[in-house]
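Chemist: Now for the letters of each chain:
There are 2 protein chains.
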Amino acid sequence: MNRKLFRNASIFTPVDRGTPLSGKDQGKVVCLPKGAVYCRCGVIEDIGEERELLSRLSPSQVDVEIDCGGRCVIPGFVDSHTHMCFAKRREEEFNLRLDGVEYLEILRRGGGILSSVRAVRASSEDELHTVTKQLALSALRLGTTTVEIKSGYGLDVESELKMLRVIRRIGRETPLDVVATFLGAHAVPEEFSTTPDDYVNLVIQEMIPAVSAQGIARFCDVFCEKGIFTVDQSRRILETARTAGLAPKIHADEVHDLGGSALAAELKAVSAEHLLRASDANIRAMARAGVVGVLLPATAYSLKKAYAPGRRMIESGLPVAIATDCNPGTSYTESMPFVFGLSVLQMHLSVSEALVASTINAAHAIGMSEYAGSLDVGKKADLLLLDGDSPAILAYHAGVSPVVQVYKQAEPVHET
Amino acid sequence: MNRKLFRNASIFTPVDRGTPLSGKDQGKVVCLPKGAVYCRCGVIEDIGEERELLSRLSPSQVDVEIDCGGRCVIPGFVDSHTHMCFAKRREEEFNLRLDGVEYLEILRRGGGILSSVRAVRASSEDELHTVTKQLALSALRLGTTTVEIKSGYGLDVESELKMLRVIRRIGRETPLDVVATFLGAHAVPEEFSTTPDDYVNLVIQEMIPAVSAQGIARFCDVFCEKGIFTVDQSRRILETARTAGLAPKIHADEVHDLGGSALAAELKAVSAEHLLRASDANIRAMARAGVVGVLLPATAYSLKKAYAPGRRMIESGLPVAIATDCNPGTSYTESMPFVFGLSVLQMHLSVSEALVASTINAAHAIGMSEYAGSLDVGKKADLLLLDGDSPAILAYHAGVSPVVQVYKQAEPVHET
Chain A
1076 MNRKLFRNAS
1086 IFTPVDRGTP
1096 LSGKDQGKVV
1106 CLPKGAVYCR
1116 CGVIEDIGEE
1126 RELLSRLSPS
1136 QVDVEIDCGG
1146 RCVIPGFVDS
1156 HTHMCFAKRR
1166 EEEFNLRLDG
1176 VEYLEILRRG
1186 GGILSSVRAV
1196 RASSEDELHT
1206 VTKQLALSAL
1216 RLGTTTVEIK
1226 SGYGLDVESE
1236 LKMLRVIRRI
1246 GRETPLDVVA
1256 TFLGAHAVPE
1266 EFSTTPDDYV
1276 NLVIQEMIPA
1286 VSAQGIARFC
1296 DVFCEKGIFT
1306 VDQSRRILET
1316 ARTAGLAPKI
1326 HADEVHDLGG
1336 SALAAELKAV
1346 SAEHLLRASD
1356 ANIRAMARAG
1366 VVGVLLPATA
1376 YSLKKAYAPG
1386 RRMIESGLPV
1396 AIATDCNPGT
1406 SYTESMPFVF
1416 GLSVLQMHLS
1426 VSEALVASTI
1436 NAAHAIGMSE
1446 YAGSLDVGKK
1456 ADLLLLDGDS
1466 PAILAYHAGV
1476 SPVVQVYKQA
1486 EPVHET
Chain B
1076 MNRKLFRNAS
1086 IFTPVDRGTP
1096 LSGKDQGKVV
1106 CLPKGAVYCR
1116 CGVIEDIGEE
1126 RELLSRLSPS
1136 QVDVEIDCGG
1146 RCVIPGFVDS
1156 HTHMCFAKRR
1166 EEEFNLRLDG
1176 VEYLEILRRG
1186 GGILSSVRAV
1196 RASSEDELHT
1206 VTKQLALSAL
1216 RLGTTTVEIK
1226 SGYGLDVESE
1236 LKMLRVIRRI
1246 GRETPLDVVA
1256 TFLGAHAVPE
1266 EFSTTPDDYV
1276 NLVIQEMIPA
1286 VSAQGIARFC
1296 DVFCEKGIFT
1306 VDQSRRILET
1316 ARTAGLAPKI
1326 HADEVHDLGG
1336 SALAAELKAV
1346 SAEHLLRASD
1356 ANIRAMARAG
1366 VVGVLLPATA
1376 YSLKKAYAPG
1386 RRMIESGLPV
1396 AIATDCNPGT
1406 SYTESMPFVF
1416 GLSVLQMHLS
1426 VSEALVASTI
1436 NAAHAIGMSE
1446 YAGSLDVGKK
1456 ADLLLLDGDS
1466 PAILAYHAGV
1476 SPVVQVYKQA
1486 EPVHET
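Each protein sequence line maps, in turn, to chains A and B.
Here the working numbering is used: the first residue of the first sequence is 1076, the next is one more, and so on.
Here the working numbering is used: the first residue of the second sequence is 1076, the next is one more, and so on.
If a hint is listed, it holds; no wrong ones were tucked in.
Because identical chains share one entry, a pair is satisfied inside a single copy or across any pair of copies.
Straight-line C-alpha distance at most 30 Å; calculated DSS-like pairs for lysine-lysine:
1. K1109 x K1208
2. K1163 x K1103
3. K1109 x K1163
4. K1163 x K1379
5. K1301 x K1163
6. K1343 x K1301
7. K1343 x K1380
8. K1379 x K1208
9. K1163 x K1380
10. K1109 x K1454
11. K1380 x K1301
12. K1099 x K1380
13. K1379 x K1301
If you're looking for bench data, these hints aren't it; they were derived computationally from the structure.
Please build the complete structure, drawing on both the sequences and the hints.
Modeler: Written out as structure tokens, the structure reads:
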């Protein structure tokens, strides 16, 4: 049962060249109109035109054959930026925002990130796990096979570790591959509101060492923004984290051009996120430094903001990834098909660029390109069967997921 | 089994006053935080606060009790403008459009509406039925319980009648309530390209009488647009249709301010659709004439166009409905939750205005307010259970349907 042949598939996949794809390469996707994928124990052993692939196989080497009916097959989505570990939705706050209440006023009334912090602190690990798992499994059904999840609603040593344990459990108890990012510097918690530097010291002196000692996160991220963490504070945190074995990521230049993307280039961060206000010079600097720009169009959609200049970034040579930013405040969506559609229709990426952005470049942005992001031999057989002829169906079928089956390591996720 | 009590529901519903809701009334929705609905044979017999409603019932009057778990319950969506009867998707054309190919060039290459016409003409009734039913059932699972479907991809007497027979079968063979609209004047078919007036005569002299004689459509619609049908041609068609018992609807002022909305006001049409270019004077004229403005935000989304000025229309007193425009060219979506989200986040309707627009005003726009559009006593028990506290979840949970169960005449649609 562990040797599977997917045949009669219209395969679209990027080819992994070992580094994120940028510029014209971001739009290059291989198409096998009548393709096949052969897997053993959930790993891709061969891929190619069906006729050629079959000539390399004897029938006795196939335990299960899956006829894809000529439909489009793409790699599983890699959602490279989420905050999907939280205790409570913030539907009420969404209503306030629609009524025109300003974010600072929402904060004053106890809303915003800090309300998520209160809810996470008050939740047991099991409660937090239940909410997170439900969302993660929904993401999986929508085609996400690899996901990054950040902490950052704990903001004290024990609550941050609690979040990271929950994130680890999601990786163990669901088919998803989960990458954990420590985001202690997501906001300054209420108890440090008048002494933010003391909180930065807590992150540096206690949180990072504890997270590192437990080996419970792979990346460290910082919300570098006016009124949140300065460029200098961000640099101190990320340099400490790197020394402790946590590779740096940065929420940069989302609301103001504060210099977060310059810092990302300086530190050669794995990725820089949001980037709505990043200057052209800093975009080019990040491109030279090998940073992946992770764009979050559903956040712009939900906040009714302008979209990040994805096209300009690609033209400037910055490899672009797209992600949901799934969180209870500014982007409550776990749907990569929706984000794919937004990136094409609102950020003007081509369909091929969006496919690269949601698979291989995203895999590079979270250090998972060895396993995920393309249908290359040796990678996990994470693949999506779409109700369509090409990946364009992800934008064309607006607001409806065309993912009819998800195969995680060749095993079907949807009931069959 | 035919007497059902829905209890522990957070009910949000417009109240039907017999006419479409406009101005400030468009934003008025009743909320019963701990409400209940009592139905017999799929019809609402009582609705109110649970405690009060229970005091009016004896336990022996309830066969089945459904605990809604405190979740939000709203009326089923009424999708008041669709072209979901078609034979083939136009995914390839979507790709061309993304590549910047102009619509006229797409037409020249055999795309656009006329390619759907060729496909419908070449399809058997059963083939057309299979495609349409699949889409209609998907719409039902996404919360649409009443739907309008237009002909208009046949453009000859027999093919238009074939479409209308398929639309009737959808109404008979699915739980959906289906309203058929004859749209022979959707485009000028290729064989009349040099003699468009002859086609108008065919619509007037042969199609309308045939449709009317068979009693197979309730409305007649016209695509009144520069290069399609003029205001004078539209008037002739709609006046003939009205005399034959088909109430008028108009695709008006979508691309140019041609005068379609003025004609809608003049004819006191049931509805006018699209309206992206309608002037303020014509918006007020339609409001005075009792026309419902049917806005189609997913079309603007898919075409990357500006949205219709929904807020301004509401402030001008025009009752507004929202619909999917589901069609294979310019808006391939059957999701009312998606359209709801767009209307709130992109057209700036309030959540309550969007709820009215997608239920009671939409029901009035297709003559179905006796049966649908609100949870009033005597109407069908078409109700949606949402995974959320309020209808805001439809916009807040971006790109994901929060409809966890659809009850059509009190019967569950999703597997339980």
